[in-house]
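S.K.: One letter stands for each residue in the lines below.
Number of protein chains: 2
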Amino acid sequence: MDDKEIRVFAPATVANVACGFDQLGFALSHPGDEVVVRFTDRPGLVITHITGADGKLSCDPRENTAGVSALAMLEALDKKDLGIEMEIHKKMPLGSGLGSSAASSVAGVFAVNELLGRPFEKKGLLPFALEGEFLAHKAYVADNVTSSLLGGILLLKDVEHNLDVQPLPVPAELYAAVVYPQVEILTKTARAILSPTITLKQHIEQSGNLGGFIVGLFKSDYDLIARSLRDVVIEPQRAHLIPHFYIVKEAALHAGALGCSISGSGPSVFALCKGNDIADQVGLAMQQVFQDAGIPCEVFVSAINTEGAIKL
Amino acid sequence: MDDKEIRVFAPATVANVACGFDQLGFALSHPGDEVVVRFTDRPGLVITHITGADGKLSCDPRENTAGVSALAMLEALDKKDLGIEMEIHKKMPLGSGLGSSAASSVAGVFAVNELLGRPFEKKGLLPFALEGEFLAHKAYVADNVTSSLLGGILLLKDVEHNLDVQPLPVPAELYAAVVYPQVEILTKTARAILSPTITLKQHIEQSGNLGGFIVGLFKSDYDLIARSLRDVVIEPQRAHLIPHFYIVKEAALHAGALGCSISGSGPSVFALCKGNDIADQVGLAMQQVFQDAGIPCEVFVSAINTEGAIKL
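Same order as they appear, the protein sequences are chains A and B.
Read in order, the letters of the first sequence are residues 1 to 312 in this note's numbering.
Read in order, the letters of the second sequence are residues 1 to 312 in this note's numbering.
Honestly, the hints are just simulated from the structure, not real lab data.
The model shown is predicted, which means the values in this text are computed figures rather than measured ones.
Ideal Cβ placement from N, Cα and C applies to all residues, glycine included.
Please note: incorrect hints may appear among the correct ones.
[Said to hold, decoys possible] Covered by chain B, according to a simulated footprint, are these stretches of chain A (three or more residues, beta-carbon under 8 Å):
#1 14-28
#2 74-81
#3 144-158
#4 162-168
#5 219-229
[What the hints assert, rightly or not] Which chain B residues face chain A? A few, computed with CB under 8 Å, are given here:
#6 D158
#7 T197
#8 G211
[To be verified] Away from chain A, derived, C-beta distances all over 12 Å, residues of chain B:
#9 T48
#10 T51
#11 A53
#12 E63
#13 D280
Sequences and hints are given; from them, build the entire structure.
M.R.: In structure tokens, the structure reads:
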């Protein structure tokens with residue numbers, strides 16, 4: 001038996017990036033999840049233990065996103081009976097709007113793919129990672145999974161008909177500050193409150209912002225990025241789910257952020273910034289607002305992660 | 001008196017480019033309008049004659065888009081009483097959805113700016129050209145005017161709050177085929193039939209296409225351009241205004257067009273193509289459909305005009 005052990009990391013991600021609802025995502029350098037896999041004599045995939053999840057995640061591989069994604073791949077390879085042990089180390093908050101389930105799902109399938117000597121290229125793992133995400137959200141939500149696997153800033157041009165994922169340039173000085181206030185928002189609730197229609201005027205403004213953001217990335221035009229990081233459609237409908245959201249946003253912009261909006265479906269709030277120093281200050285400014293309101297709050301400041309999932 | 005004479009050309013333009021309603025425009029190399037200006041002793045701007053308009057345009061400078069744009073600039077310079085003669089040579093069809101009024105408006109102000117030794121830089125003429133366009137459409141419609149003045153493919157990121165115009169890269173082999181079937185569509189009517197709302201799903205698909213189109217231009221990725229040149233919002237609402245539209249579109253795609261949609265608010269139909277030869281074939285294929293249906297139809301095949309208005 002091959003006694004090698006593989007340890008991988010899959011990063012946290014920000015989806016629904018302001019003007020890019022269901023379309024823009026990016027990966028953080030940290031936090032993220034680690035998964036360890038090794039061969040074992042007993043046939044089948046077993047999850048031996050999970051750390052950092054406070055007992056909230058199942059060790060049944062069919063009920064765990066990391067297990068489901070790995071099993072989907074093993075099934076495609078007709079290797080479901082291969083003996084594999086998996087450890088999951090959650091190193092990021094669950095239910096935070098930072099793609100926790102996506103990071104686990106990506107880490108699970110990415111780890112097993114490495115263990116098997118890469119039968120799939122990285123992008124080929126997406127469909128399996130999506131199966132894991134399906135377990136968590138009962139829908140094929142691609143933005144977090146894609147960003148966590150591939151890294152960078154991604155445009156999901158079309159996920160309805162096929163996975164048309166376009167990597168966008170990452171300007172050298174672009175940093176993210178993310179705060180996770182410990183309030184609970186169910187993705188399901190955050191979806192349900194969205195109006196199924198928007199005005200044509202909103203559409204024009206929002207997609208103009210999406211276009212401007214993309215051009216800004218290609219040209220490293222930080223002013224244009226700042227003018228474009230605006231959400232006139234989703235943020236106004238969800239802001240009330242996050243206590244003090246507009247004060248947090250104001251604090252971020254005041255501290256020099258290019259833009260600030262809700263990460264995924266919240267409660268985390270992200271800001272994009274020019275330079276690490278500004279991102280540090282923006283992170284602290286946002287955290288301060290939550291702390292002053294008595295809400296415990298974690299901060300993550302990070303460059304944009306351009307690698308995605310990696311072997312450690 | 002300075003006896004120099006200035007002759008300028010301002011090109012026809014395609015606005016509402018498929019996925020970019022009110023947001024994307026591009027300029028054609030031809031057709032377009034020519035305006036000739038010279039100083040004269042009699043104070044004030046006079047339009048001495050107009051060719052190619054079948055008597056449909058007024059020689060009163062306050063009732064003619066070329067006159068209005070020029071007067072707006074002269075007023076800003078406090079030179080309204082300067083004696084200037086203007087000739088307008090319409091070399092493109094009126095009411096065609098190819099920005100006829102915009103081309104005249106741009107040519108008028110651009111010509112007088114040249115005559116005066118360029119008191120304004122090119123982009124600075126936009127507000128004056130918009131005044132001319134206002135006369136034609138009773139609204140500040142910026143896409144045709146901007147494209148005719150500046151050339152290239154433009155993203156109008158924000159025209160509601162300020163003129164945030166972003167030039168996009170023009171891939172070397174991108175050509176346009178445009179057909180103008182001689183049926184009448186009033187811009188007013190074409191606007192009025194549009195639903196004031198769209199679904200969130202449509203918004204996501206349409207702005208994904210806009211994003212994909214922009215990325216495609218930056219990467220000269222013709223396949224991505226083709227996958228993105230789709231309009232799920234406006235075209236379905238306006239297609240019935242153009243007889244046989246879907247057959248024309250089918251013919252264009254069958255002949256190899258990357259994409260095909262309505263130019264401006266019609267009745268012209270444009271296709272973007274990779275290479276001049278394909279554009280020629282696409283133009284003929286589209287024309288054939290209209291001709292078979294007994295509708296007279298002009299064809300224009302053109303590289304993307306990257307200069308905009310020029311002095312001849």
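S.K.: Each hint should be assessed against the structure and marked as holding or not.
M.R.: Hints, verified against the model:
| no. | hint | in the structure |
| --- | --- | --- |
| 1 | 14-28 | holds (count 4) |
| 2 | 74-81 | violated (count 0) |
| 3 | 144-158 | holds (count 4) |
| 4 | 162-168 | holds (count 3) |
| 5 | 219-229 | holds (count 3) |
| 6 | D158 | holds (6 Å) |
| 7 | T197 | holds (5 Å) |
| 8 | G211 | holds (5 Å) |
| 9 | T48 | holds (40 Å) |
| 10 | T51 | holds (37 Å) |
| 11 | A53 | holds (32 Å) |
| 12 | E63 | holds (30 Å) |
| 13 | D280 | holds (30 Å) |
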